[in-house]
Amino acid sequence: YSSAVQKFSQTLQSFQFDFIGDTLTDDEINIAESFKEFAELLHEVELERSMMVQNASDLLIKPLENFRKEQIGFTKERKKKFEKDGEKFYSMLDRHLHLSSKKKESQLQEADLQVDKERHNFFESSLEYVYQIQEVQESKKFSIVEPVLAFLHSLFTYNNLTVELTQDFLPYKQQLQLSLQNTRNHFSSTREELEDLKKRMKEAPLTCKLPGQPTIEGYLYTQEKWALGISWVKYYCQYEKEAKTLRMTPTDQKPGAKQGTLDLTLKSCVRRKTDSIDKRFCFDIETNERSGTITLQALSEANRRLWMEAMDGKEPIYHSPITKQEEMELNEVGFKFVRKCINAVETKGITTEGVYRTVGSNIQVQKLLNAFFDPKCPGDVDLQSGDWDIKTITSSLKFYLRNLSEPVMTYKLHKELVLAAKSENLDYRLGAIHALVYKLPDKNREMLELLIQHLVNVCEHSRENLMSPSNMGVIFGPTLMRAQEDTVAAMMNIKFQNIVVEILIEHFGKIYSGPPEDTTAPPVPPPRVAARRHKPITISKRPLRERPVFFDACVEESGAERLGQTPNGGGLEAPRPLHRSRLPAPRPGGDEPG
Numbered sequence: 001y002s003s004a005v006q007k008f009s010q011t012l013q014s015f016q017f018d019f020i021g022d023t024l025t026d027d028e029i030n031i032a033e034s035f036k037e038f039a040e041l042l043h044e045v046e047l048e049r050s051m052m053v054q055n056a057s058d059l060l061i062k063p064l065e066n067f068r069k070e071q072i073g074f075t076k077e078r079k080k081k082f083e084k085d086g087e088k089f090y091s092m093l094d095r096h097l098h099l100s101s102k103k104k105e106s107q108l109q110e111a112d113l114q115v116d117k118e119r120h121n122f123f124e125s126s127l128e129y130v131y132q133i134q135e136v137q138e139s140k141k142f143s144i145v146e147p148v149l150a151f152l153h154s155l156f157t158y159n160n161l162t163v164e165l166t167q168d169f170l171p172y173k174q175q176l177q178l179s180l181q182n183t184r185n186h187f188s189s190t191r192e193e194l195e196d197l198k199k200r201m202k203e204a205p206l207t208c209k210l211p212g213q214p215t216i217e218g219y220l221y222t223q224e225k226w227a228l229g230i231s232w233v234k235y236y237c238q239y240e241k242e243a244k245t246l247r248m249t250p251t252d253q254k255p256g257a258k259q260g261t262l263d264l265t266l267k268s269c270v271r272r273k274t275d276s277i278d279k280r281f282c283f284d285i286e287t288n289e290r291s292g293t294i295t296l297q298a299l300s301e302a303n304r305r306l307w308m309e310a311m312d313g314k315e316p317i318y319h320s321p322i323t324k325q326e327e328m329e330l331n332e333v334g335f336k337f338v339r340k341c342i343n344a345v346e347t348k349g350i351t352t353e354g355v356y357r358t359v360g361s362n363i364q365v366q367k368l369l370n371a372f373f374d375p376k377c378p379g380d381v382d383l384q385s386g387d388w389d390i391k392t393i394t395s396s397l398k399f400y401l402r403n404l405s406e407p408v409m410t411y412k413l414h415k416e417l418v419l420a421a422k423s424e425n426l427d428y429r430l431g432a433i434h435a436l437v438y439k440l441p442d443k444n445r446e447m448l449e450l451l452i453q454h455l456v457n458v459c460e461h462s463r464e465n466l467m468s469p470s471n472m473g474v475i476f477g478p479t480l481m482r483a484q485e486d487t488v489a490a491m492m493n494i495k496f497q498n499i500v501v502e503i504l505i506e507h508f509g510k511i512y513s514g515p516p517e518d519t520t521a522p523p524v525p526p527p528r529v530a531a532r533r534h535k536p537i538t539i540s541k542r543p544l545r546e547r548p549v550f551f552d553a554c555v556e557e558s559g560a561e562r563l564g565q566t567p568n569g570g571g572l573e574a575p576r577p578l579h580r581s582r583l584p585a586p587r588p589g590g591d592e593p594g
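Heads up: the sequence shown runs through residues 1 to 594, numbered per my numbering.
For the record, the hints were derived by calculation from the structure and aren't laboratory data.
We put the beta carbon where it would ideally sit given N, CA and C, even for glycine.
Label-pair distances were calculated between CB atoms; the ranges are:
(1) Y411 to P375: 23 to 31 Å
(2) Y428 to T274: 57 to 65 Å
(3) R68 to K244: 44 to 52 Å
(4) H153 to V488: 31 to 39 Å
(5) T249 to A56: 47 to 55 Å
(6) A489 to I72: 19 to 27 Å
(7) E46 to Y411: 51 to 59 Å
(8) G73 to E46: 28 to 36 Å
(9) P375 to Q71: 45 to 53 Å
(10) K80 to K244: 35 to 43 Å
(11) T261 to E70: 37 to 45 Å
(12) V488 to T249: 23 to 31 Å
(13) V488 to L99: 29 to 37 Å
(14) E70 to E110: 34 to 42 Å
Work out the full structure, taking the sequences as your base and the hints as a guide.
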C-alpha cells in the first residue's frame, strides 16, 4: 500500500496536461497545477501513516479506465476509419483524373458521382476524427482531474485524518471545483459552437476556402512537356493572394530528380476550355519566372473555381452555399427592443432560477421577433403581458444580439479584447479592456453599458437565480463577441470571450465611471516580470501557525477571512484555505518556501 501511494504521488508530480491554444485561463492554470498539489497531500498523508484506501476502484480507477476505453479508444477507431477512407478516396481520385474527356458523358457522370460519394465519406471521416481529438483533449481537463479529486476527498473523509489536514483540503477543493465548473462551462459553450461549425461544414464540404481569407492551398496536377511526350506531375500548391506568390512542392519526388520546390509570381489566370485539352478541371496561368503558360489541373470543378477565384481568374466567383439567418441592425427599434426585454426580466423574472440559461421555444421566439420588428408597426408589443414568458423574452434578446450584422463589441476590436483577456497581468487585463470599451462606436458602447448594467442586476440575485458572473460570461461571451471567420482556432478563444464579459460584469462600476486617462491600452508587459496578483490556488506552501485548541474557535477566528475572489478579480463568497502547521519538504528544483 505504501509503495502504491508513493508511486501514485510521483506520477501526479510529473504529469503534464496538454492544452489547446496559446494561453491558459486562470481556471486552467489552477487545474494544471492541481496534480502537484495532490502529490504534496499524498506525501504528507503517507508520512502520517494514518490513511486507508477506500472506494479507490469506484472513484478513481474505473472512471480513468472508462475515459481511456471510451474516449481514447474511440479516437483510435476514428483514426483507423479516417486512414482507410483517405486511402480509398485518393486512390479513386487518381484513377478518376486519368479518365479521358472523350469517354461517354454517362460514364463520366457515373465516375463523378462515385468520386463525390467517396469525397463526402472522406470529408465526414476527417471531420469526425479531428473533432474527436479536440473533444478528448478538452474533456481531459476535468474528466481526469475530477476522479482524482473525488478519490482524495474520500481518503480524508473516511480515514479520520487530522482536523488540520481536512480543514486545509476542503476550501481548496471548493475553489478547485469552481475552476473545474468554470472550465466545464467554457467547454460546453465551445462545444456547441463547434457542433454548429461541423454541421455547416458537412452541409457544404466543398467550401474549403475560409471566408475573408484569400490564401488557398491544396493539390494540383501540372502538365510537364518532355522530349518524349507529356506527363502530369502532382504538386502541393500554396497561393498567397496579396503577394501573388505560388509555391509548388512536388509530392512524387523520384530519386535523382533535379526538380524541387518552385516559387512563382502570378501574372494571369485563365480557365482552360474543355475541348482544348484531354483533361478536365484545367486552367492556365502565366508567371514572371517562366515563359509561356503553365497548365494546372484541379481536383474537381468546384475546386477549380476556388483556385480561380483566389487567383482573380475569369471563372465566376463561387459563393458558399451556407445561408445566414436574417441579420438585424443596431438601430432605434433594436434599442427599444433591448430596453423592453430588460425591463420585463427585471420586473417579473430576475429571481427565476437559471434565467438566460433556460432556452425558450423557437416558435415563440420567432413569433415575438416577427411581431416586434414588423415594419408596419415596429415595437408595438407589450412584453409585460402574460402572452410572453421569461424564457421566450430572454431567448429573443439573445437571438437579436447574436444575429446583428456586426457583434456589439465589433469585429475590429475582437482580437485586441481576446489578447487582453489572455494577459497574465490582471491589472493590465482590466486596464486594457477598460480602454477598449471606450474605443467602441457610441451606439455600441451605449448598448453594451445597457446590457452589462442589466447583467450586474441579475447577478446581484444569484442566491435565487443561481447565475454568477462566470455563468453570465459563458452565455453572453459568444453573444456579444464573435470572430469574423468561423474557424476551430476562433472557437478555442470563446473561453476568453467569456472572461471579457465576466470582467465587464465584475468591474462595471469602475469601467463605466468614465474613460481611462489614456484611452490607448498600455503595452503588454513581458511575461512574469512581476508576480501574479492572483496566484494559482494552493494548499502546500503555507507559513507556520499554531494548531487551535478548539475547532469552533478556529472557525470564529477565520470567519472574517472567508471572502475570496474569483480568478478574474471579482468577489465571491468562498473560504480561503487555512494555513498548515508545518511545511512539507520542498519540491526538487523548486524555490525555497517563504
